[in-house]
Amino acid sequence: MKKVLFLAVKDLKVLLSSKGNIFWVFGFPVLFALFFGAIYSGVGKGPSGMRIAVVDEDMSEFSDSYTSKLKSDEALEIVQQSRDEAIEQVRKGQIAAAVVLKKGFGDGFEALFNSDEPKLEIAADPSRKMESGYLQGLLAKAQFEALGEKFADRNWMRQQITLWKDDVKDANDLDAKQAKLFLDFFGAFDTLLKDVNEQDFNAGFDGEMLNFAKLDVNREYEGPITPFQITFPQVLLWGFIGCTATFAISIVKERTNGTFERLRVGPIERAHILGGKGLSCFFTCILIMCILSIGAKAIFKMPMGNWLLFTTAVLCTILCFVGLMMFICTLGRTEQSVGAAGWAIFMITGMLGGAMMPLAYMPAWTRPFSHISPVKWGILALEGAVWRNFTPLEMINPCLILLAIGTTAFLLGVAMLRRQDK
Amino acid sequence: MIKANNLKKRFGSTVALDDVSFEVRKGETFGLLGPNGAGKTTTIRLLCGLTKPDSGMVALNGKTDPTLVEVRSSLGVVPQTLAIYEELSAEENLRFFGRIYGLSGRQLKERVRNCLDIAGLAQRSKERVSKYSGGMKRRLNMVCSFLHEPPLLLLDEPTVGVDPQSRNSIFETIEAMKKQGRTIIYTTHYMEEAERLCDRVAILDHGRILDMDSVHNLVVKHGGPSRVEAELEQSPSDPEEIKRLIDNKNIQLEGTKIRFETSQPMESLATLNRSGVSFKSLKVQTANLEDVFLNLTGRRLRD
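Line by line, the protein sequences give chains B and Y.
Every letter in the first sequence is one number past the one before it in this note's numbering, and letter 203, counting from 1, is 203.
Every position in the second sequence, counted from 1, becomes a number in this note's numbering once 1000 is added.
No incorrect hints appear here.
Here are the computed lysine to any residue pairs in the SDA-like style, where the Cα-Cα straight-line distance is at most 25 angstroms:
id	chain 1	residue 1	chain 2	residue 2
1	B	K102	B	K141
2	B	K19	Y	E1092
3	Y	K1131	B	L12
4	B	K2	Y	G1105
5	B	K13	Y	E1086
6	Y	K1126	B	F260
7	Y	K1008	B	G258
Here are a few chain Y residues that face chain B, going by a calculated C-beta distance under 7 angstroms:
id	residue
8	C1048
9	T1081
10	R1099
Quick look at which bits of chain B chain Y covers, simulated, 3 or more residues with Cβ under 8 angstroms:
id	region
11	5–13
12	260–268
Since the hints were made in silico from the structure, they are not lab data.
Computed from a predicted model, the values in this text were never measured in an experiment.
Virtual Cβ for every residue (Gly too), placed ideally from N, Cα, C.
Using the sequences and the accompanying hints, generate a full structural model.
Okay, structure coming up:
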């Protein structure tokens, strides 16, 4: 065991002797935390919404009100332009979409819900489909809000009723009995609008068309979740990834340099050498975790959740990545090939596992693949401990999967190393 | 002390070693001389258990498994590649390898200091190895294997890419190890190194030992005649008399210059001198291991 410790200490010394290694193992995760934490917390508070152009060809009171609603939405940054300018900017990728309010957009219900000739057109960037869907939701929301204001205008409503009654009278294909039902209903509605007092009318049509309350999904909510708390598991994962990749490369470096063989002709077993590597990778990951946790607690005042579960999640994640290190170091015979293979694997598993962007934003077909990504299970275990308030029972699943992936990768790596050395 | 019996090793279709056998006695320095690809490094790898032979057997101190911890503790291997950590200092490298070999405390400290002195690195022991010259790295690479004072040393071309000064320092270190009675196997493709350091040499080519003996005996057996060039004080009055005296019909005479090949140059020259021939200048070129290799393989060592 002593020799394994000597090997681990030597590896740590070698690791810390390189500024590049220190950056990728310690600096990069901290920068990642600061960058994404700042994004989630909305540092700067400047325009951060989706940039779209509104082309108002209607120039009506309603289209003006609609544009104001869009402008007041924090998720959007609105510029008003001509149709040609707006479409040109979409084509060049400078804005996400152009929304054209055609002539007649504000002509009441008939214009708004006429499916034969839509009065609202959207030109969206084909490469930003997800944002386009999001935009349609925001447009509908603004439309409902603008309509809500119209509903609160009893004169406008009575004009609409007159128009609907005329339509019913002109509808030749409607039988007399049905027509009478509609006319009676519109008549009663018109009488209501004419006679209801102001207070009751306002209580009925207060303009809030979409109102909802947020349900708390935390089991034991202990104060607000900070943006850094949400990014913290991803940050830790990036730290572990950087560390794993660096150590995988260091094993190949030992093999190409000949130090691995010098050690192998010494009075130690191969298992000692690999154990030393694994131990130093493990220690470094622990060091990363300590630095980031202390920083998160001291600087960002981040609540750490359940410490016992957090420690379990961290240990399982680190053991998984130590196993992966052993496998990745066998994927090439040079530092360059292992470095490239290692980062390629981590980029893919990181993306599939939600270390780059939340899984919800990923295309649906990629989600089943996320189950094979150790990054996903690492993030889930860490989130479970830090802010999802997992019970120990809920923690077992991700932790066991992490240990299984780690053990398989470690054994595979050792077997492949043995084969390569023959 | 070291025994290799009928070692065979193939890498795919390439035969690296073909029935190699030799024995190295205690305190002997045994050379493996051959060109690149002859099988020298493979032999070293088989001896220290890094590679398993397809057939044949290796015995070190009577133990047939070189991977045993007790065997490896008695073994010092200087690999051809620079097997040191460039990110650490010389002292840190030595301390680390010393600890791996079970050294600690004052013993480790003394051995590290001693090795730094041998390598001539005491003044720069705290500097990172990456800042050292090639020769300094080679010297450190070598002394890392001496730390635990092993009785058996396997040196695989330790002077590759080294400046003359460092090479000389390496030779002196090996000669000091010889004096201490260590058993050494030294691989090289430089015949001067083998001639200077080795008690016996095996000529290795294409994985086969062509012959194995002391340098002198190899030269006598395979080196061919020595070449003698002399300038006489006076032209000989009877050239045939000279041919008769040294019993050599292929002698060349041009005025006062005389050239001939013989396996006994000193005896021939003494005979001529006794018969009244006096020399103005003399040049005797004796055969060496290069000639031995050329005569055995038809190629030069560095072809």
